[in-house]
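**Student:** One-letter residues, chain by chain:
There are 2 protein chains.
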Amino acid sequence: MENMRLESYDEVAEILRNCDNVTILTHKSPDGDCIGAGMGLCLYLRSVGKHANVVNSDGFPDRYDFLIGDYQPEEFKEQFVISVDISDTTLLGDELECYKDKIDLCIDHHGSNRFFARKTYVDPSASAACLIIFELLEHMGAEITLPMATNLYTGLATDTGCFKFQNTTPEAHIAAAKMFEMGVDFEHINRRMFDIKSRSRILAEQRLIGDMRYFEDGQIGFLTVTNQNIADFQIDRSELDAFAQIPLTVEGVRFGYTLKQQEDKPQLFKVSLRTTDADAAAICGEFGGGGHLRAAGCTIEGKPREVMAKLLETTRKYL
Amino acid sequence: MENMRLESYDEVAEILRNCDNVTILTHKSPDGDCIGAGMGLCLYLRSVGKHANVVNSDGFPDRYDFLIGDYQPEEFKEQFVISVDISDTTLLGDELECYKDKIDLCIDHHGSNRFFARKTYVDPSASAACLIIFELLEHMGAEITLPMATNLYTGLATDTGCFKFQNTTPEAHIAAAKMFEMGVDFEHINRRMFDIKSRSRILAEQRLIGDMRYFEDGQIGFLTVTNQNIADFQIDRSELDAFAQIPLTVEGVRFGYTLKQQEDKPQLFKVSLRTTDADAAAICGEFGGGGHLRAAGCTIEGKPREVMAKLLETTRKYL
Chain A
84 MENMRLESYD
94 EVAEILRNCD
104 NVTILTHKSP
114 DGDCIGAGMG
124 LCLYLRSVGK
134 HANVVNSDGF
144 PDRYDFLIGD
154 YQPEEFKEQF
164 VISVDISDTT
174 LLGDELECYK
184 DKIDLCIDHH
194 GSNRFFARKT
204 YVDPSASAAC
214 LIIFELLEHM
224 GAEITLPMAT
234 NLYTGLATDT
244 GCFKFQNTTP
254 EAHIAAAKMF
264 EMGVDFEHIN
274 RRMFDIKSRS
284 RILAEQRLIG
294 DMRYFEDGQI
304 GFLTVTNQNI
314 ADFQIDRSEL
324 DAFAQIPLTV
334 EGVRFGYTLK
344 QQEDKPQLFK
354 VSLRTTDADA
364 AAICGEFGGG
374 GHLRAAGCTI
384 EGKPREVMAK
394 LLETTRKYL
Chain B
84 MENMRLESYD
94 EVAEILRNCD
104 NVTILTHKSP
114 DGDCIGAGMG
124 LCLYLRSVGK
134 HANVVNSDGF
144 PDRYDFLIGD
154 YQPEEFKEQF
164 VISVDISDTT
174 LLGDELECYK
184 DKIDLCIDHH
194 GSNRFFARKT
204 YVDPSASAAC
214 LIIFELLEHM
224 GAEITLPMAT
234 NLYTGLATDT
244 GCFKFQNTTP
254 EAHIAAAKMF
264 EMGVDFEHIN
274 RRMFDIKSRS
284 RILAEQRLIG
294 DMRYFEDGQI
304 GFLTVTNQNI
314 ADFQIDRSEL
324 DAFAQIPLTV
334 EGVRFGYTLK
344 QQEDKPQLFK
354 VSLRTTDADA
364 AAICGEFGGG
374 GHLRAAGCTI
384 EGKPREVMAK
394 LLETTRKYL
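Those protein sequences? They're chains A and B, same order as listed.
For the first sequence, our numbering assigns the number 84 to the initial residue and increments by one for each residue that follows.
For the second sequence, our numbering assigns the number 84 to the initial residue and increments by one for each residue that follows.
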């Protein structure tokens with residue numbers, strides 16, 4: 084049977100109403116959007132008497148404890164598998180790789196989605212996977228509880244950089260307004276997600292920013308985080324995602340790269356690219372990666388200066 | 084005649100419809116909210132064929148050029164004076180002090196407003212003065228142009244920390260959604276207002292954060308900016324407002340103080356306080372200042388360590 088693209092919330096709602104014993108997959112190196120979307124959906128399914136769990140390959144980082152709350156995995160015989168915020172099965176990670184041909188429903192907001200699931204609902208115009216889940220639950224007339232709304236707001240805030248990034252839409256603001264009415268403690272969430280840093284992390288950022296490399300009159304900026312840096316500064320790896328935003332905060336930088344050495348494969352660097360006006364997904368696509376228009380990623384082998392040289396050569400075509 | 088409190092947008096609208104040749108006052112050390120509200124209102128008044136200007140004591144900092152656009156002051160015989168985002172005549176500054184008993188209409192969102200104008204519309208629940216102006220124009224059925232919306236969005240984003248701070252309301256999000264529909268280039272504005280920093284400013288922040296002082300197990304944090312720092316790091320004084328947010332980003336800090344030495348009166352420090360849960364306005368009120376629940380300010384005389392000692396003594400009562 085060919086994989087199918089769903090075109091409306093009605094179709095997704097119909098599937099959700101009829102499924103049970105659901106495993107919800109979130110991507111490796113989980114972030115606020117996949118955790119929020121997964122937990123939000125799981126809490127909803129449980130609230131209507133179904134069994135559901137949320138899983139991922141890397142476990143939930145401590146900083147998301149406030150989303151996990153008293154969630155406990157349930158025991159049941161799995162009948163249905165949903166992935167959220169996953170554009171490609173390579174993002175399942177080692178633990179969930181076994182699911183790659185077994186995904187019944189994929190709910191995603193990446194334009195680069197590869198339609199690996201039996202049925203896929205993808206809306207690249209949605210600011211976050213959490214926004215799709217929120218609108219879907221509203222469409223279904225679901226009773227959205229405060230813990231559901233807290234999860235969904237967190238993902239929406241995460242993926243929009245708290246309503247700052249280009250992917251923020253009127254719909255994102257309207258959803259946030261409704262979540263506020265539901266009592267979401269947005270101040271606490273935003274402080275936790277965006278503002279608060281340990282003194283050691285502040286020190287680490289200072290040093291890494293100080294060591295940034297610039298090219299093409301400062302239009303291209305590279306911030307590099309090696310395993311040695313992580314050890315020296317005692318950086319929690321789950322905090323590294325936030326570093327990707329740093330290079331673009333430097334005046335004049337249009338292509339902001341962050342190179343993160345992989346813990347298990349030190350010859351590999353995970354590259355994050357943020358752009359002001361260029362197509363980040365296209366650039367990362369040249370290295371087998373992908374993502375969004377202004378935020379994308381890929382993986383490149385080599386020493387930092389070799390990785391930088393490869394990226395520079397390609398980036399110059401987009402100047 | 085006693086000063087009067089206006090209770091509804093209808094009453095304010097009636098006044099705006101009947102006034103002409105208007106001078107709009109904004110506060111000294113102008114920020115995004117007072118400039119946005121002043122310019123937004125001025126552009127509206129001009130759009131309906133009235134004469135209006137926006138003034139303040141310190142001029143408009145360069146970083147707000149994108150709001151000022153091709154605005155030019157008009158020549159007219161002033162007949163009506165409106166203040167926006169001003170809670171007290173002490174905030175008029177030297178150049179505008181002459182207006183302190185001549186303000187016909189005050190539009191403000193500070194709970195500490197002192198009702199110095201003939202007529203005052205104050206809504207402390209409004210996230211920003213710009214939100215009041217926006218809702219007022221909507222209420223009047225005004226045609227809100229893109230330049231008006233750009234000004235009003237900028238102030239709304241400024242005062243809510245881009246929808247992060249405790250004062251953000253559902254109404255703020257709903258207004259933002261409408262401004263997006265009007266075509267406001269929010270990504271550009273937010274990058275400009277919140278993200279982009281010169282390399283010298285990044286260096287300055289690094290050094291100042293490194294020199295922060297902490298008390299009471301790190302619950303109280305002080306960041307001090309002296310005139311010497313400003314000279315050494317070539318900091319633009321108009322950028323200093325943003326420094327007030329820094330101390331609260333350090334994990335564990337509940338009372339985040341920023342002390343800024345005054346350029347003309349080096350024996351005086353302008354104090355900004357941001358709190359996570361304590362009443363900032365009450366603390367600053369003890370030193371003759373004021374503001375909002377989580378963001379307030381005052382001025383204290385002394386050397387940095389003397390100013391810190393005074394603030395510490397008072398803050399300990401609020402721990």
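Keep in mind that the hints were calculated from the coordinates and are not lab data.
One or more of the hints may lead you astray.
Intra- or inter-copy, both count: the list cannot distinguish identical chains.
Mimicking DSBU-like on lysine-lysine, the simulated pairs with C-alpha atoms at most 30 angstroms apart in a straight line are [what the hints assert, rightly or not]:
id	residue 1	residue 2
1	111	348
2	393	280
3	160	202
4	353	261
5	160	400
6	133	393
7	280	185
8	280	261
9	133	353
10	183	400
11	348	160
12	386	160
13	348	202
14	393	160
15	202	386
16	280	353
17	393	185
18	280	400
**Student:** A separate judgement is required for each hint: does it hold in the structure or not?
**Tutor:** Do the hints match the structure? See the list:
In the homo-oligomer, the alpha carbons of residue 111 and residue 348 lie at most 30 angstroms apart inside one protomer (16 angstroms), although the nearest pairing across protomers, at 56 angstroms, exceeds that limit. For the identical chains of this complex, residue 393 and residue 280 are inter-copy neighbours only, at 27 angstroms across copies versus 32 angstroms inside a copy, given an alpha-carbon limit of 30 angstroms. In this assembly of identical chains, the alpha carbons of residue 160 and residue 202 lie at most 30 angstroms apart only when taken from the same copy (21 angstroms versus 69 angstroms across copies). When the C-alpha separation of residue 353 and residue 261 is checked against a cutoff of 30 angstroms, the pair qualifies neither within a copy, at 36 angstroms, nor between copies, at 38 angstroms.
Taking identical chains as interchangeable, the C-alpha atoms of residue 160 and residue 400 are never at most 30 angstroms apart, the minima being 52 angstroms within one chain and 57 angstroms between chains. In this assembly of identical chains, residue 133 and residue 393 lie within 30 angstroms of each other by CA distance neither inside one copy nor across copies; the values are 50 angstroms within and 59 angstroms between. In this homomeric assembly, residue 280 and residue 185 never come within 30 angstroms of each other (Cα to Cα): the closest approach is 39 angstroms inside a single copy and 47 angstroms across copies. Proximity of residue 280 and residue 261 under a CA criterion of 30 angstroms is satisfied intra-copy only: 29 angstroms inside one chain copy versus 33 angstroms between copies.
For a Cα distance limit of 30 angstroms, the shortest separation of residue 133 from residue 353 qualifies neither inside one copy, at 38 angstroms, nor across copies, at 58 angstroms. Within a single copy, residue 183 and residue 400 get their C-alpha atoms no closer than 35 angstroms, and across copies no closer than 58 angstroms, so neither meets the 30 angstroms cut-off. Taking CA atoms no more than 30 angstroms apart as the test, residue 348 paired with residue 160 passes in neither setting, with 36 angstroms inside one copy and 74 angstroms between copies. Neither within a single protomer nor between protomers do residue 386 and residue 160 lie at most 30 angstroms apart by alpha-carbon distance, with minima of 46 angstroms and 70 angstroms respectively.
Within a single copy, residue 348 and residue 202 get their C-alpha atoms no closer than 34 angstroms, and across copies no closer than 68 angstroms, so neither meets the 30 angstroms cut-off. Taking identical chains as interchangeable, the C-alpha atoms of residue 393 and residue 160 are never at most 30 angstroms apart, the minima being 48 angstroms within one chain and 64 angstroms between chains. In this assembly of identical chains, the alpha carbons of residue 202 and residue 386 never lie at most 30 angstroms apart, being 41 angstroms within a copy and 68 angstroms across copies at closest. In the homo-oligomer, the alpha carbons of residue 280 and residue 353 lie at most 30 angstroms apart both inside one protomer (23 angstroms) and across protomers (25 angstroms), since each shortest distance falls under that limit.
For the homomeric pair residue 393 and residue 185, neither the shortest alpha-carbon distance inside one copy (36 angstroms) nor that between copies (65 angstroms) is at most 30 angstroms. In this assembly of identical chains, the alpha carbons of residue 280 and residue 400 lie at most 30 angstroms apart only when taken from different copies (26 angstroms versus 36 angstroms within one copy).
The structure is inconsistent with the numbered hints 4, 5, 6, 7, 9, 10, 11, 12, 13, 14, 15 and 17, although it conforms to all the rest.
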